[in-house]
Amino acid sequence: MKQNASKAGGPNKLTKGLKNWNTFLVIVLVLEFVIFGAANERFLRIPLLLLSVNDFISICIISLFVTFVMITGGIDIQAGSIVGLTSIVIGVTWQDFGLPIWAAVALAVAVAALCGALSGFFIAYCRVQAMVITLGGSFLYSGIALLVSTLSSTESYQGISGFPDSFKFITSFKLFDLIPMQLVIFAVLVVIAYLLLHVSKYGRQVFLVGVNQDAAEFSGINSKLVILSTYVLSGISAAIAGIVLTSYLGTAKSDLGDTLTMNIITACVLGGTLSTGGKGSVIGTALASIIIGIMRFGMPLCFDVNTQYLDIPIGILLIVVVVGRAMVNKPRTAAILAGLKNKFTGAKA
Amino acid sequence: MTAIKRLLKVRELSSLLFLIALFVIVSIINPSFASSENISACFNSSVVYMLVAVGMGFAVIVGEIDVSVGSNLGFVATVVGSMLRDGENWLLAFAVGILIGAAIGLFNGWGVSIMGVPSLIFTLGTNGILRGAMYVYSGGAWVENLPKAFKDFSSVNLVGDLTVYCCGCIILVAVIHLLLTKTRRGRYFTAVGDNPNGAVLVGISAVWTKVAAYIICGVMSALAGIIFCSRIGFITSTSGNGYEMKAVAACVLGGISLSGGVGSVVGAAIGSVIMSSISYLLVFMGFSSNYDNAITGIILIVIVVTDSLMQYRQSVRNRHERLSARTAGTVEGGASK
Chain A
1 MKQNASKAGG
11 PNKLTKGLKN
21 WNTFLVIVLV
31 LEFVIFGAAN
41 ERFLRIPLLL
51 LSVNDFISIC
61 IISLFVTFVM
71 ITGGIDIQAG
81 SIVGLTSIVI
91 GVTWQDFGLP
101 IWAAVALAVA
111 VAALCGALSG
121 FFIAYCRVQA
131 MVITLGGSFL
141 YSGIALLVST
151 LSSTESYQGI
161 SGFPDSFKFI
171 TSFKLFDLIP
181 MQLVIFAVLV
191 VIAYLLLHVS
201 KYGRQVFLVG
211 VNQDAAEFSG
221 INSKLVILST
231 YVLSGISAAI
241 AGIVLTSYLG
251 TAKSDLGDTL
261 TMNIITACVL
271 GGTLSTGGKG
281 SVIGTALASI
291 IIGIMRFGMP
301 LCFDVNTQYL
311 DIPIGILLIV
321 VVVGRAMVNK
331 PRTAAILAGL
341 KNKFTGAKA
Chain B
1001 MTAIKRLLKV
1011 RELSSLLFLI
1021 ALFVIVSIIN
1031 PSFASSENIS
1041 ACFNSSVVYM
1051 LVAVGMGFAV
1061 IVGEIDVSVG
1071 SNLGFVATVV
1081 GSMLRDGENW
1091 LLAFAVGILI
1101 GAAIGLFNGW
1111 GVSIMGVPSL
1121 IFTLGTNGIL
1131 RGAMYVYSGG
1141 AWVENLPKAF
1151 KDFSSVNLVG
1161 DLTVYCCGCI
1171 ILVAVIHLLL
1181 TKTRRGRYFT
1191 AVGDNPNGAV
1201 LVGISAVWTK
1211 VAAYIICGVM
1221 SALAGIIFCS
1231 RIGFITSTSG
1241 NGYEMKAVAA
1251 CVLGGISLSG
1261 GVGSVVGAAI
1271 GSVIMSSISY
1281 LLVFMGFSSN
1291 YDNAITGIIL
1301 IVIVVTDSLM
1311 QYRQSVRNRH
1321 ERLSARTAGT
1331 VEGGASK
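Chains A and B, in that order, give the protein sequences.
Counting with the numbering used here, you get residues 1 to 349 for the letters of the first sequence.
Counting with the numbering used here, you get residues 1001 to 1337 for the letters of the second sequence.
Since the hints were derived computationally from the structure, they do not count as laboratory data.
Even glycine gets a Cβ: it sits at the ideal position worked out from N, Cα and C.
Among the clues, some could well be false.
To be clear about the criterion: a stretch of chain B counts as covered by chain A if any three or more of its residues have a C-beta under 8 Å from a C-beta of chain A, and this derived list gives those stretches [what the hints assert, rightly or not]:
| # | stretch |
| --- | --- |
| 1 | 1116 to 1123 |
| 2 | 1134 to 1144 |
| 3 | 1246 to 1258 |
| 4 | 1283 to 1293 |
| 5 | 1297 to 1305 |
Cβ-Cβ distance ranges computed for the label pairs, FRET-style [to be verified]:
| # | chain 1 | residue 1 | chain 2 | residue 2 | range |
| --- | --- | --- | --- | --- | --- |
| 6 | A | R42 | B | G1140 | 22 to 28 Å |
| 7 | A | I179 | B | V1283 | 48 to 54 Å |
| 8 | B | S1315 | A | D258 | 36 to 42 Å |
| 9 | B | Y1312 | A | N20 | 39 to 45 Å |
Some residues of chain A that are not near chain B, with every Cβ distance over 10 Å (derived) [unchecked claim]:
| # | residue |
| --- | --- |
| 10 | I27 |
| 11 | A38 |
| 12 | R42 |
| 13 | L107 |
| 14 | I185 |
| 15 | V211 |
| 16 | G220 |
| 17 | I221 |
Let's have the full structure, built from the sequences with the hints guiding it.
In structure tokens form, the structure reads like this:
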């Protein structure tokens, strides 16, 4: 009897561990390191690995806060265009309007927050679907970015460059001569997002609004304001990504974030965020975005995959994850899985 | 009066009025626009968008979305384009293209409808895979040197200044619209989009209706891809990028509700004409094409916000009417007791 109980406890713990999505993500991340490391030892060189962060840090930063939006049941596909808008606003106000660089940066963040607030207002207060408004927003903000770039004396395809060193310092500085500043920024943002979402009262409100907006409203939460605030947060995070990207590249361009959307949504979904709202975690999203980033870095380095092919593995990853999760939740497959488990444990016993 | 009110409630009609108003305003600002040549050009240039938007319309009417149409278009265009370039039989190339489109649609339908994955996420994944597959197939190179006869066919006029493609497309849309509204099976789509559970209760398979909608969407994008080859004459590795968003925008402009069940393919077609005419009209109004995206975004947001506010007010009014009717009934009932 006792033996039986302990035996039953074994697989139970195992399945519980596997069900914990973050554990699964950590395993995937470790697997990535093992596979890429085995394929090409250059992959494991720490400086190179840390340098690769620049290629995907904006995905990591933005997806953290798009998670908030998705938890409330919305979606944000405008973040990419806000990245370009912040970049060009910094460039134009600094170069052509003669603002000091930090004032330009502050202005860019304010503009991004305003963009997020505008979309958030329409979504929360006018009850329009988030998808449509952020779609319109992505047209509008990238269009505005293009218009702002025409204010500049520099041709838009060249990009505005020649930023002062203090601005480039954001990305050239290395903590302990090793860890690039971008990673530090990302780590700080993870902590902030974690505290906001999982510790503070605000985070509980975000979750409750996502689970049931009416219930949230009845329990005295200003649900519309909460929804609006998530879009402001994602706008600000896009601005931070735009600043980091502009500082790293040394040029301000209006089309910087054009290709980010799919990666951001993939990171959120892979991180365990439910696109219908009510579920998600900052740690999961952070892990997932790093998995995607490492994949984008490792595939070309170790398997000679053309960087333009990278959409394939990321698309497959997204589909496999969502289909896999849907399958596990289907009663029929769940029954088959349980049967398999019984057979397995039965045969073992 | 009531007839006018009822007409105003036909959502496609208000987008048609919007399109006509747009043409009239531009003609007033710049009289040289008002020629059949220019207006036909607006319709001719919208053919590819129209097909994609009508396909997307199916997905949206059943209450889902398909953001893989752009790369579907690009992939089919790449495959068909290179087959034509290599001197394959035209019909074979077209058949292959349409089969690919149908297969993509079937895959999307499987994931979204049978597996129950949220449609935006699943088709986003398909979009990535197809975009990558396009690079792999073409090796990143442009597909050029298509047969001249094939390219020239795109500028053959059929009626007035309208090309063969444009006329064919309009006829196709009309046929699809009639099938959707007049046949039993056609109405399944709206029924499923309006209330999937209700549709299941009256014996309609919501799952297979959605799969069918996705297959139609895939086939329409494939058709658009083939016409893209003919009209543009070359395919780059980014061809078809962004079509998905413009198609969604066209559907919304044409009065299709993204929550499903409301709207028609005619609306999607009109919306696509609006979308593709904007940059053309801007030129006549003396703006640079830099304003293109910003104005598209503003029009899209203004239209959906007004629509949503009007719908909300309508629903509140309906509720009040129901409530007052009910209270009136109870008062009467109380009096008779």
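Verification of the hints:
no.: 1; hint: 1116 to 1123; verdict: holds (count 6)
no.: 2; hint: 1134 to 1144; verdict: holds (count 3)
no.: 3; hint: 1246 to 1258; verdict: holds (count 4)
no.: 4; hint: 1283 to 1293; verdict: holds (count 5)
no.: 5; hint: 1297 to 1305; verdict: holds (count 6)
no.: 6; hint: R42(A) - G1140(B): 22 to 28 Å; verdict: 25 Å, holds
no.: 7; hint: I179(A) - V1283(B): 48 to 54 Å; verdict: 51 Å, holds
no.: 8; hint: S1315(B) - D258(A): 36 to 42 Å; verdict: 38 Å, holds
no.: 9; hint: Y1312(B) - N20(A): 39 to 45 Å; verdict: 41 Å, holds
no.: 10; hint: I27; verdict: 21 Å, holds
no.: 11; hint: A38; verdict: 24 Å, holds
no.: 12; hint: R42; verdict: 24 Å, holds
no.: 13; hint: L107; verdict: 19 Å, holds
no.: 14; hint: I185; verdict: 27 Å, holds
no.: 15; hint: V211; verdict: 17 Å, holds
no.: 16; hint: G220; verdict: 23 Å, holds
no.: 17; hint: I221; verdict: 21 Å, holds
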